[in-house]
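A.B. asks: The lines below spell out each chain.
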Amino acid sequence: MDSTPPGPAPRIANLLRQVRLTGEYHLLTEAIPYTRFLGIGVENTTGEVLCRMRYAPMLIGNSSIPAIHGGTLGGLLESAAIFELLLRTQTDRVPKIISITVDFLRSGRPQDTLAKATITRLGRRVANLQVQAWQEDRSRPIASANALFLLS
Amino acid sequence: MASDDTFPDDRRQMMESINGFLRDSVPHNHELGLSVVDLGVAEATMRLPYAEKLVGNPETGVLHGGAVTTLIDATCGISVFMKMARMARIATLDLRIDYLHPATPGKELLARAECYKLTRAVAFVRALAHHGDPANPVASAQGTFIIVED
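Top to bottom, those sequences are chains P and U. Each residue of the first sequence is one higher than the last, beginning at 1 in the working numbering. Each residue of the second sequence is one higher than the last, beginning at 1 in the working numbering.
None of these hints come from the bench; they were simulated from the model. There's no promise every hint is true.
Said to hold, decoys possible - In silico DMTMM-like pairs for lysine to aspartate or glutamate, Cα to Cα no more than 20 Å straight-line:
| no. | chain 1 | residue 1 | chain 2 | residue 2 |
| --- | --- | --- | --- | --- |
| 1 | U | K53 | U | E31 |
| 2 | P | K116 | P | E136 |
| 3 | U | K53 | P | E136 |
| 4 | U | K107 | U | D133 |
| 5 | P | K116 | U | E31 |
| 6 | P | K116 | P | E24 |
Pulled out of the complex, with its shape left as it was, chain P reads as follows (with noise of 0.2 Å):
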């Protein structure tokens, strides 16, 4: 699974050089085409990192509700995590998910969701975070998750 690709792919690793001096984080988010799709992005307005998924119907896992599909919830939990990984160590490939636990604490509403990795531990071939993802109130979240990677 780390054969060279077939086509000119983006190279992360250049691309993290980049955006780890320029803040440039949308050019980090837009090459992986699954955040691209769900519309997440990397913001920090705080001088915290943070991750934001725009709200789009096509989030929707319930019509009737409305709420937010929950496995949408688990990729914008897992990306939170991947790009916290990205910008905060020195690795220079996307870390591979071991396993991954999501507690659904909240049904999602149609807006957006914000969510917020933050790792456990780190070792050299494995790393541990927590992330939550909230809407408008973070002390009420709506899903939370415990991740495991590798790093290669």
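Starting from the known structure of chain P, arrange chain U on it as the hints suggest.
C.D. replies: This is chain U only, laid out in the frame that chain P set:
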């Protein structure tokens, strides 16, 4: 489909009705092209077509874990409907996914979920995601669901 509809006896009719529900009432599953390909007494199998927009690592073409999470969450939910023999309002409480090996780029992904225990309020589910051979799974999952309305 009304939320308390009892399933028709015919398995194929049931699959059509669930796929119709997903298409009309679950925008994100529809966006991903998720569909039910098999149903059992307490089981469901769903298919996620490979798509470039779901890639998590542009250097390898491997799907993002979030797409796998969505497939597994949806399949688990439908296995609960099968065990209940009807569609009630349910919500995922928690979901743990172990990634056993990366999904192969370009290949569709299948998930098979089994609701192995149902109480009045809670459903317990396990699932495997694979590329056609359940003996060689990409991911293994376990989740719990709350039955919101009876």
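A.B. asks: Any hints from earlier that this structure breaks? Give me their numbers in increasing order, please.
C.D. replies: Hints 3, 5 contradicted; others consistent.
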